[in-house]
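Engineer: Chains as they are written, first to last, in the numbering used here: chain A, 1 to 135; chain B, 1 to 135; chain C, 1 to 79; chain D, 1 to 79.
By construction, these hints were calculated from the structure, which means they are not laboratory data.
This one's a predicted model, so the numbers in the text were calculated from it and none came from an experiment.
Check the hints yourself; a few may be wrong.
Pairs of lysine-lysine, DSSO-like flavour, derived with a Cα cap of 27 Å [what the hints assert, rightly or not]:
{"no.": "1", "chain 1": "B", "residue 1": "K114", "chain 2": "C", "residue 2": "K59"}
{"no.": "2", "chain 1": "D", "residue 1": "K2", "chain 2": "A", "residue 2": "K115"}
{"no.": "3", "chain 1": "A", "residue 1": "K66", "chain 2": "A", "residue 2": "K122"}
{"no.": "4", "chain 1": "A", "residue 1": "K115", "chain 2": "A", "residue 2": "K52"}
{"no.": "5", "chain 1": "A", "residue 1": "K122", "chain 2": "D", "residue 2": "K2"}
Anything over 12 Å on all C-beta distances counts as not near chain D; from chain A, calculated [claimed, not checked]:
{"no.": "6", "residue": "N35"}
{"no.": "7", "residue": "G39"}
{"no.": "8", "residue": "E48"}
{"no.": "9", "residue": "K52"}
{"no.": "10", "residue": "S56"}
{"no.": "11", "residue": "A84"}
{"no.": "12", "residue": "I85"}
{"no.": "13", "residue": "A89"}
{"no.": "14", "residue": "D111"}
{"no.": "15", "residue": "K114"}
{"no.": "16", "residue": "A126"}
{"no.": "17", "residue": "T130"}
{"no.": "18", "residue": "V133"}
Quick list of the computed label-pair ranges, beta carbon to beta carbon [unchecked claim]:
{"no.": "19", "chain 1": "D", "residue 1": "G41", "chain 2": "A", "residue 2": "V133", "range": "12 to 22 Å"}
{"no.": "20", "chain 1": "B", "residue 1": "R131", "chain 2": "C", "residue 2": "R17", "range": "31 to 41 Å"}
{"no.": "21", "chain 1": "D", "residue 1": "M60", "chain 2": "A", "residue 2": "E3", "range": "25 to 35 Å"}
Each residue gets a CB set at the ideal place from its N, CA and C atoms; glycine is no exception.
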Amino acid sequence: MFELSERPLDGVKLRATLTEPAAGALVIFEGWVRNENEGRPVTGLFYEAEPKLCASEMEKIAGEAKAKFGVLGVRVAHRVGQLAIGEMAVWVGVTAGHRDAAFAGCRYVIDELKKRLPVWKKEHYADQTTRWVGM
Amino acid sequence: MFELSERPLDGVKLRATLTEPAAGALVIFEGWVRNENEGRPVTGLFYEAEPKLCASEMEKIAGEAKAKFGVLGVRVAHRVGQLAIGEMAVWVGVTAGHRDAAFAGCRYVIDELKKRLPVWKKEHYADQTTRWVGM
Amino acid sequence: MKITIHYFAMLREQARRDEESRETNATTVAELYAELTQAHGFTIPAGNLRAAVNDAFVKMDAPLRDGDVVTFIPPVAGG
Amino acid sequence: MKITIHYFAMLREQARRDEESRETNATTVAELYAELTQAHGFTIPAGNLRAAVNDAFVKMDAPLRDGDVVTFIPPVAGG
């Protein structure tokens, strides 16, 4: 259900794990490394994570999404290591019978993930400085 | 920005058209043919569309999404012809700087598309009967 | 005057054709649909239809001109 | 008693290590962090941290036992 990867995330493989005949809607969220943050030019990001706590926390979040919204499948992958502009940092896919639940569930999973998952991000700026986001 | 296709939709190619360095979020909606509707077992769907009106109406909807939510890119594809259970009927991808706009924009596009796009759907049921949905 | 009509979905099936060219005295889209309902036995009420003339959506009381291409839009169900 | 500590992100950089084993008299996670802050010059306030003991999240006043593995969780920023 969840994976951390040091290599580029493969959306095609992740999506393939979610197919099922009762699903009428899939909503995918992808987070990409963008070229600026809060007005500062960004050249790249470094992500770091604690694997065991990530896995257990994601199981909880997925369970909550299923209980709250009745979604069918939840699949999440997060990249770690050094990422360039345009690379995919996170992939969240949620299936449901209909689109209301799929949208609500996908939004819930990415919001909770950002609040709760032990993942850290260091921004690299065009002026060669770096910053651990939120610290 | 919009295409109708008689062949399976290629999410990888569609997504590739949306990459840009200022985008931090991509939200994709996929509509899949599911195995039941309103309690009736479904064996397949037939989709039909009016190409010119679809293209002009999708241009309007995409423009509205950009104006309302500040999204960066909008890409939509709709399948036509006979589809089996599990096949993708529609693909909507919306990019934005951040996830709020990407979610709101994607939701807006699929909701408006379903209300306004000249596309029609005939359901095929397990008991061999068929029905034009909504007529 | 001569009007070309394009049919889709249930209208296409009930008219048993994709399109037709027709001499008509109908002066509006709504009048044309009433005439075609007589001819083909359409079952979709006019109030549930939209229409386009020459690739642009119009109201059902839009006037017709010789050579117009009319598309009737049954209730849509994309996605 | 002996405690193993795992460091991530800014704490890893400031401690200049991924982990360490340490003899300590700290009786709670919070006391341990205070001691480590003295040793390594951590700049993240204890109030901004979460912690896990033996792979489960705990409160900062959770007690420590000999052999525990403690992970300090700086403010997260995934996605």
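Engineer: All hints, please: hold or fail.
Structural biologist: These are the hints, each one checked on the structure:
{"no.": "1", "hint": "B/K114 x C/K59", "result": "holds, 20 Å"}
{"no.": "2", "hint": "D/K2 x A/K115", "result": "violated, 32 Å"}
{"no.": "3", "hint": "A/K66 x A/K122", "result": "violated, 32 Å"}
{"no.": "4", "hint": "A/K115 x A/K52", "result": "holds, 17 Å"}
{"no.": "5", "hint": "A/K122 x D/K2", "result": "violated, 31 Å"}
{"no.": "6", "hint": "N35", "result": "holds, 17 Å"}
{"no.": "7", "hint": "G39", "result": "holds, 18 Å"}
{"no.": "8", "hint": "E48", "result": "violated, 6 Å"}
{"no.": "9", "hint": "K52", "result": "violated, 5 Å"}
{"no.": "10", "hint": "S56", "result": "violated, 7 Å"}
{"no.": "11", "hint": "A84", "result": "holds, 17 Å"}
{"no.": "12", "hint": "I85", "result": "holds, 16 Å"}
{"no.": "13", "hint": "A89", "result": "violated, 7 Å"}
{"no.": "14", "hint": "D111", "result": "violated, 9 Å"}
{"no.": "15", "hint": "K114", "result": "violated, 4 Å"}
{"no.": "16", "hint": "A126", "result": "holds, 20 Å"}
{"no.": "17", "hint": "T130", "result": "violated, 10 Å"}
{"no.": "18", "hint": "V133", "result": "violated, 4 Å"}
{"no.": "19", "hint": "D/G41 x A/V133: 12 to 22 Å", "result": "holds, 21 Å"}
{"no.": "20", "hint": "B/R131 x C/R17: 31 to 41 Å", "result": "violated, 21 Å"}
{"no.": "21", "hint": "D/M60 x A/E3: 25 to 35 Å", "result": "holds, 30 Å"}
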